[in-house]
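J.: So the chains spell out like this:
2 protein chains.
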Amino acid sequence: MSINILKRVKVTSKFWEKYRKLVVKEVLPYQWKVMNDEADISIAEDPQNNGQDKNSHAIANLKIAAGKMTGHHYGFPFQDTDVYKWLEAAAYSFSYKNNPDLKKITDSLVDLIEEAQDEDGYLSTFFQIDAPERKFKRLQQSHELYTMGHYIEAGVAYYESTGNKKALTIATKMADCINKNFGLGEGKIPGYDGHPEIELALVRLYEVTQDSKYLKLSRYFLKQRGTNPEFFDKQIESDGIERDIINNMRDFPREYYQAAEPIKDQKTADGHAVRVVYLCTGMAYVARYTGDKELLDACNRLWNDIVKRRMYITGGIGSTTTGESFTYDYDLPNDTIYGETCASVGMAFFAKQMLNIKAKGEYADILEKELFNGALSGMSLDGKHFFYVNPLEADPEASRKNPGKSHVLTHRADWFGCACCPANLARLITSIDKYIYTLDGDTILSHQFIANRAEFENGISIVQNNNYPWDGDIHYVIKDPKNISFRLGIRIPSWSKNNINIVLNGKKVILEVEDGFVYLDIEKDTQIDVDLDMSVKFMQSSNRVSQNINKLAVQRGPIIYAAEEVDNDGPLWNFQIETKASPVCKYEDQLLSGVETISVKAIKLKIDSVDSPLYRELDCDTKKMETLLKLVPYYSWANRAEGQMMVWINR
Amino acid sequence: MSINILKRVKVTSKFWEKYRKLVVKEVLPYQWKVMNDEADISIAEDPQNNGQDKNSHAIANLKIAAGKMTGHHYGFPFQDTDVYKWLEAAAYSFSYKNNPDLKKITDSLVDLIEEAQDEDGYLSTFFQIDAPERKFKRLQQSHELYTMGHYIEAGVAYYESTGNKKALTIATKMADCINKNFGLGEGKIPGYDGHPEIELALVRLYEVTQDSKYLKLSRYFLKQRGTNPEFFDKQIESDGIERDIINNMRDFPREYYQAAEPIKDQKTADGHAVRVVYLCTGMAYVARYTGDKELLDACNRLWNDIVKRRMYITGGIGSTTTGESFTYDYDLPNDTIYGETCASVGMAFFAKQMLNIKAKGEYADILEKELFNGALSGMSLDGKHFFYVNPLEADPEASRKNPGKSHVLTHRADWFGCACCPANLARLITSIDKYIYTLDGDTILSHQFIANRAEFENGISIVQNNNYPWDGDIHYVIKDPKNISFRLGIRIPSWSKNNINIVLNGKKVILEVEDGFVYLDIEKDTQIDVDLDMSVKFMQSSNRVSQNINKLAVQRGPIIYAAEEVDNDGPLWNFQIETKASPVCKYEDQLLSGVETISVKAIKLKIDSVDSPLYRELDCDTKKMETLLKLVPYYSWANRAEGQMMVWINR
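Line order of the protein sequences matches chains A and B. Going by the working numbering, the first residue of the first sequence is number 66, and it counts up by one from there. Going by the working numbering, the first residue of the second sequence is number 66, and it counts up by one from there.
Worth flagging that the hints you see were computed from the coordinates, not collected in a lab. Incorrect hints may have been included.
Identical copies look the same in the list; a pair holds intra-copy or inter-copy alike.
Derived pair list, reagent style DSSO-like, types lysine-lysine, alpha-carbon separation capped at 30 Å [claimed, not checked]:
1. Lys562 x Lys689
2. Lys423 x Lys573
3. Lys83 x Lys133
4. Lys573 x Lys562
5. Lys466 x Lys329
6. Lys544 x Lys449
7. Lys602 x Lys669
8. Lys547 x Lys358
9. Lys547 x Lys499
10. Lys128 x Lys162
11. Lys332 x Lys72
12. Lys86 x Lys98
13. Lys373 x Lys688
14. Lys651 x Lys278
15. Lys689 x Lys666
16. Lys544 x Lys278
17. Lys645 x Lys669
18. Lys299 x Lys695
19. Lys671 x Lys602
20. Lys695 x Lys168
21. Lys253 x Lys651
22. Lys86 x Lys688
23. Lys299 x Lys329
24. Lys688 x Lys79
None of these values were measured; they are calculated from a predicted model.
With the hints as extra help, turn the sequences into a complete structure.
T.: Okay, structure coming up:
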């Protein structure tokens, strides 16, 4: 328990305020229209469509379940979650934007959800409307607990932000329903959901209600998972083998669902990437409150496997479109990657929970990597277009004409048949204030350089000013009117560890870095200035990664850069960066809503004529020319003319 | 017409004789057992299985159709073609191996086929046994003309090699049946087969029968194709949309079948690669006999698109497993390639026909490339294992764990559910004597350096001795007892064009190279010695190919080389070839049935520790060591311990 309790955090970061306003102004109204089938959208023509057309029908499903409309369910069995994630995002937005019009909508949405909920707490409109006899009968595919988990998160958030008790009651009723039906007791289902989510949601509910049965139930789901690997198969046999709720899903391997063996025996991060990180978030959450060693070990094991062997430099995870899954250690193809936006968002959740367990800079480094790169790239600068897949190398021609890359869009889409990503990113952005500090005992960890004003219950306030991520000078003004002693931990990002300058009340100090943090004992008003190393870094990957041999990526601060064809005459693969020359950085106010661009010296091979032979003897005198390669932040790519993009560039 | 008519060509090449004996000793008996369901095989576990188990049932299908057995058809609708291609291969083998036991089998096989044939000439056991009412009703998928085309090829070959008239009669009855049913006349089907093959087969039949109706019918199929792009869809609608003969095939794009537009309008080689090259072979064949300009233009256009923009350096074609298809110009991924063995075999057919139209060295170069690389790699050195897919970069771990590469086997399989490749390669090898000379007017083109003794009807004989492909000294001894004047064209391979030495009757001569050939006027006994450039070449690809930037391939003579993990400590991607040092060549008699190996100087990056970070700042002092990289002929890879393989290596 922390002796410091946060009262409020106001994000003042220019960079993030822009996005947070965008979510309120564009994303939430737009998604609301979409869910009400009032938006003029076109669904992405990619393999993730799954045959959905332009209607979301998500609100209509709830209305039908509530008896206010007639008709059938439409969309995925987890269509409800679009609504819940949207509600959660809206709930967080009230913390920085008073919005009575929106609140009217969200209040009546909560009313509608309550009406749709069954007496016993059950809520999953697909089953309520079209398959009541199959409730909890095909958990591998049903997403029922996943769906209710998402409501629970939303309900807790809405209650916390608005005080709406009904929102919380719906959540506890759901959890009670699940508690009644699941477990190892007689007459209960000894199973778990095909898609982890309920586990982390139940701990959120425990936090707000302090009712330990929810924590216990969450732990049950985590410990039970994979102990009876035939559980799903047996359910499917009883439910009718051919009656898949989602086509062919019964043929997916058990690893896809992290259900092939108990979690304690799982050595690597396998299967569907979003499932893995949601599961890990739940495990870390439960481990934090219960001290469960087995779960903690699993968290550490899977964290290391993901971060040290299976993560792209942008934070993207999931190396294959088949099953939206991880593949194997060091397999990181840049052009056939999946790198789902939701997986990066989920990785941010996981990192946040790991920080709650241990003050380790690496967790905050990865959180930052996701926030500024892998997750953020999921949304366009106008807030109305989204990436499901986030490649590190893309070529519109390849995406159109090589079916192995057809899942890689080179422009963000209006919407998706399976629309998990847009609202997931929205809820991360509107709750970004919750990702800046981690509190433990007498320590306040300031691990994200997102400018803010934080007020604590005990009167302490911390103002952090900066122009991050473009500038590296971070200024803290701490007020401690009651002279309370506390430790302030400031993260030293791994990319700045060799070049850091800290000034305490005007005087330079040398501090030891402990596991990625420097610590200062504070007991009065204090000023701290930190200078981070914002030089341009040429990055290489481990040479265990076959795909990046002889290539480099460009990073500055937390931002990973990319080359786009719109700035550089293609093909981009004919550029070779000259690392000896100094790159030129420039803040361009009018470009991509304001970005720092980097120009690096490069050699460009003159493109071979179409008449030259496809293969020829090596000639050492291929024409080359000196040129500049202009790079923009990865998250901002594909906001201009469609073209090639590359993160890993030849050197 | 040629004034010189070949009487016989005896292949004496040590390299090819080994394969030709292997086919007689191992491949034909083995495949016969497989087709009779008597072999103990395991079908490849790759996506091409299509759910077939270890039974071929191919002979049983014919017996059922012949009324000698009861039961249902089993296997693909084109299962019969395994038998026909096998019969064709056996027929060719009689030209070099008298084999009464085999002939007993093939004679009675011809009897069986005759019994299976319907009165009207129709023969496709799937339809005869299980769907007689659907004959010719779903040509997109039925493979009926494809199947009969393969019989026609076999029947003609068998007739030519053994004089068996029954074999020819079956073929003419088939062709007559097709002629009766197809065409633009009233009551005829204005369509064509989903899989080209009948076109080239009909010209073979025309050649032996001199009946021009077969040539005319072939031309009809070629000219009609794609003129009514909705033809297949309409048939499917009448036949019942859901009743696919091969699952989901109705959803394949029209380009897959080269049926989206008339051939004359097709600008690029699109769709299923085998279909494309079979179609092209038929077009070249018809163009040769009819002079049809439209078809000839199409041949040239598609030849150029394939050879100049869509062919791997090994001769492999088909850049994607999806639809076993071409993708787009310069898209040549080495690890997700398809490169079907049958496509390389078909490309050899196409090249052979193009040579008949024009004496152009490029056609013979490509023919040679296929023979020694892309096609030959389809079979193991023991003649009992086969590749369907021929990658240029492979890694067993990737094939097992990245679903995007699961089609790439890293060991040859016993057999395939769709077993088109093994017999296709066998018939190419047993007929290789037909690929050495091309005759036109008074010219004899000697375009392949496959040692042989050729006798012509007019008394001329040509003996070509060499130890090709390992040595480049080619010796011709020509006897011309009747002092007939003729031109001998000898191909100068493109890889030797800058370094060639020709000695005529002991005297060095300088000859002009005309379109890849030198010509000598002969009218008496003559000796010619040609010295080809057998130096090791480091090859680069056009820098329009993104996949091969900063990489090189190693070629010596016609042979493309590959590095295998069994010879070099992996990972292979950490080797960088030093092109300044001279490679060392060595003939190793005991290795891989005897191969010339090449060792090149290379720098090897020390592999990064698993504990080192996945991404780090560029360090210019990564540990490197000097080493040798050993290379073996590409066709011989995967005959030893399973491991990584690479053709394009970092430089």
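J.: State for each hint whether it applies.
T.: Do the hints match the structure? See the list:
1. Lys562 x Lys689: Intra 37 Å, inter 27 Å, cutoff 30 Å: inter-copy only.
2. Lys423 x Lys573: Classified as within; 28 Å inside a copy, 83 Å across copies.
3. Lys83 x Lys133: Classified as neither; 38 Å inside a copy, 80 Å across copies.
4. Lys573 x Lys562: Within one copy only: 16 Å inside, 72 Å across.
5. Lys466 x Lys329: So Lys466 and Lys329 pass the 30 Å test across copies only (22 Å; inside, 43 Å).
6. Lys544 x Lys449: neither (40 Å within a copy, 81 Å between copies)
7. Lys602 x Lys669: Classified as both: same-chain Cα gap 21 Å, cross-chain 25 Å, threshold 30 Å.
8. Lys547 x Lys358: neither (38 Å within a copy, 96 Å between copies)
9. Lys547 x Lys499: For Lys547 and Lys499, the Cα distance is within 30 Å only inside one copy (25 Å; across copies 99 Å).
10. Lys128 x Lys162: Within one copy only: 28 Å inside, 80 Å across.
11. Lys332 x Lys72: Cα proximity of Lys332 and Lys72: none, with 40 Å in one copy and 68 Å across.
12. Lys86 x Lys98: within (18 Å within a copy, 73 Å between copies)
13. Lys373 x Lys688: Classified as between: cross-chain Cα gap 21 Å, same-chain 39 Å, threshold 30 Å.
14. Lys651 x Lys278: Neither, since 55 Å and 74 Å both go past 30 Å.
15. Lys689 x Lys666: both (13 Å within a copy, 26 Å between copies)
16. Lys544 x Lys278: The answer is neither: 40 Å in one copy and 99 Å across copies each exceed 30 Å.
17. Lys645 x Lys669: Intra 16 Å, inter 23 Å, cutoff 30 Å: intra and inter.
18. Lys299 x Lys695: The answer is neither: 56 Å in one copy and 53 Å across copies each exceed 30 Å.
19. Lys671 x Lys602: both (27 Å within a copy, 23 Å between copies)
20. Lys695 x Lys168: neither (44 Å within a copy, 71 Å between copies)
21. Lys253 x Lys651: neither (62 Å within a copy, 72 Å between copies)
22. Lys86 x Lys688: neither (49 Å within a copy, 50 Å between copies)
23. Lys299 x Lys329: The answer is within: 23 Å in one copy meets 30 Å, while 57 Å across copies does not.
24. Lys688 x Lys79: neither (45 Å within a copy, 44 Å between copies)
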